[in-house]
Amino acid sequence: MTDIAIKITDLNFSFEKLSILENISMLIEQGDFVGLVGPNGGGKTTLLKLILGLYKAQSGIIEIFGQPLKQQRKTIGYVPQYAHFNSDFPISVQDTVLQGRLGIGSRLGGYSKQDKSIAQKVMRETEIIDLANRSIQSLSGGQMQRVLVARALATEPKILLLDEPTANIDQRAEKDIFDLFKSINERMTILIISHDIGFVSDYINKVFCLNKTLVCHDASPVTSDTINTLYGGHVHEIHHHH
Amino acid sequence: MEFFHTLATQAFLQNALLGGILASIGCGLTGSFVVVNRIGYMAGGIAHSVLGGMGIAYYLGLNPFVGALIAALLAAIIIGTIKLKWQHQEDTTIGAIWAVGMAIGIIFISKSDGYNTNLMSFLFGNILIISDEQLFIMLVLDIITLIFVAVFYKQLIAVSFDMEFAIVRGIHVNLFYLLLLCLIAITVVLLIQVVGLILVIALLTLPAAIAKQYVHSIGMMMLLASFLGMLFTSTGLFISYEPDLPAGATIILVAGLAYFISSIVRSWRPFK
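Chains as they are written, first to last, in my numbering: chain H, 9 to 250; chain Y, 3 to 274.
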């Protein structure tokens with residue numbers, strides 16, 4: 009086992025002749041809390057899906073804990089974008105969280121006792137235990153977001169990938185959920201996509217700015233120069249005071 | 003009442019009632035997946051192209067329902083593959099398979115004896131002529147469906163709810179998606195006996211769609227939809243019997259009316 013969680017080398021990805029990602033190389037160490045920022049259409053979600061093995065890159069290598077992606081895929085927990093959800097689906101919070109246990113243990117029949125106790129544990133951690141029997145149709149954006157985080161945690165992953173987890177919730181709830189991520193980060197590596205650089209910078213220890221290719225990648229504070237390169241100079245700087 | 007008197011004494015009416023009940027079990031189980039996956043159009047394609055298989059089997063002097071089963075499974079696999087591989091042309095291709103299947107069926111049936119009666123009963127069903135053998139086939143198809151759904155319940159739900167997440171968790175989503183369509187194919191064949199292939203989609207989706215308005219899980223939806231299916235087929239059969247109305251069409255009208263009333267009630271008192 010190495011202490012490199014994710015290692016990406018010279019990754020290129022195009023879709024129907026349109027180049028989406030070029031020459032991506034990144035190193036994420038175990039225990040990192042990484043922010044992946046950049047403009048819409050800059051390829052953030054695509055990069056996440058490449059790391060998840062949902063897309064296949066034309067060239068380049070992705071290694072997880074020093075091994076090919078395929079062998080380590082089950083160590084990754086995934087929190088997709090809330091906006092893409094079929095929130096009309098008749099399913100309870102608990103049954104949604106249990107899906108994180110798929111691919112572990114028996115294939116046939118229902119979930120095991122152990123699966124259920126792990127689901128209970130992560131629902132307590134994400135503070136949705138009181139909603140366990142509620143239908144997801146009745147949840148608020150913030151509650152649903154926690155359900156999706158709990159589902160990813162139920163996998164007991166070593167790496168957690170989150171795609172815009174705070175896009176649909178208000179600022180106070182956003183702070184609460186980032187405090188949750190901070191405590192989760194004590195036991196696993198986190199890679200989070202966010203559009204809000206200012207907000208995530210209080211929590212993360214590393215940032216990657218992505219616009220087709222990596223514009224910046226280090227732990228130094230994000231300067232207005234980087235922001236200009238990234239977004240093309242139309243961004244007003246807003247300072248967050250805490 | 004004449005209906006109950008006949009039911010007590012005549013096998014054909016007992017078979018009809020039993021046929022409706024057996025078909026309802028399949029329709030509750032797979033109809034729920036059709037509704038939550040919003041694949042009524044794909045199910046329609048499978049149901050209608052089945053006429054091709056029925057026509058060929060009928061022309062060759064074989065059991066048309068065996069032909070229907072083969073055609074339904076074939077259509078399910080073709081339509082499923084199109085959906086998974088060529089998503090952008092899904093609409094057109096399913097429409098084409100839908101019509102081509104029916105065209106093949108009509109040509110073969112027209113070259114056989116008894117063109118009109120048989121065509122009508124394939125298209126609109128004839129619940130009053132269900133034989134013991136057909137009941138047995140329906141029972142077997144129900145059992146296959148039930149076992150499959152029970153064994154792979156969590157995978158089927160995961161694939162329906164969030165395909166991407168299921169892939170990440172190592173589920174063979176393409177396989178399960180195709181198997182789900184095969185289940186739909188089996189159910190379509192079950193239902194054709196009762197309401198005919200034109201009306202199948204209504205009986206496949208309406209009970210499940212009503213159930214979805216009242217329950218929070220697919221399992222409960224299946225249970226309630228099966229029960230509603232039984233209620234609609236039995237009620238439809240009862241209403242149609244004395245005035246000698248077509249049973250299949252009456253069953254669909256009962257189901258449609260129930261869906262309409264339930265939707266209005268739910269829009270007044272939303273269910274959360």
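Misleading hints may appear alongside valid ones.
To be verified - Just a sample of chain H residues kept apart from chain Y, beta carbon distances all over 12 Å, derived:
no.	residue
1	Asn-94
2	Gly-108
3	Gln-122
4	Glu-135
5	Ser-143
6	Ala-160
7	Ala-181
8	Phe-186
9	Asn-193
Said to hold, decoys possible - If you want a taste of the chain Y side facing chain H, the calculated C-beta under 10 Å gives, among others:
no.	residue
10	Val-170
11	Ile-173
12	Ile-263
Note that these hints are calculated values from the structure, not bench results.
Think of the CB as a built atom: it goes at the ideal place given N, C-alpha and C, for glycine as much as any other residue.
Evaluation of the provided hints:
no.	hint	result
1	Asn-94	violated (7 Å)
2	Gly-108	violated (8 Å)
3	Gln-122	holds (14 Å)
4	Glu-135	holds (21 Å)
5	Ser-143	violated (4 Å)
6	Ala-160	violated (9 Å)
7	Ala-181	holds (20 Å)
8	Phe-186	holds (23 Å)
9	Asn-193	holds (21 Å)
10	Val-170	holds (5 Å)
11	Ile-173	holds (6 Å)
12	Ile-263	violated (20 Å)
Going down the numbered hints, you'll see the structure goes against 1, 2, 5, 6 and 12, while the others check out.
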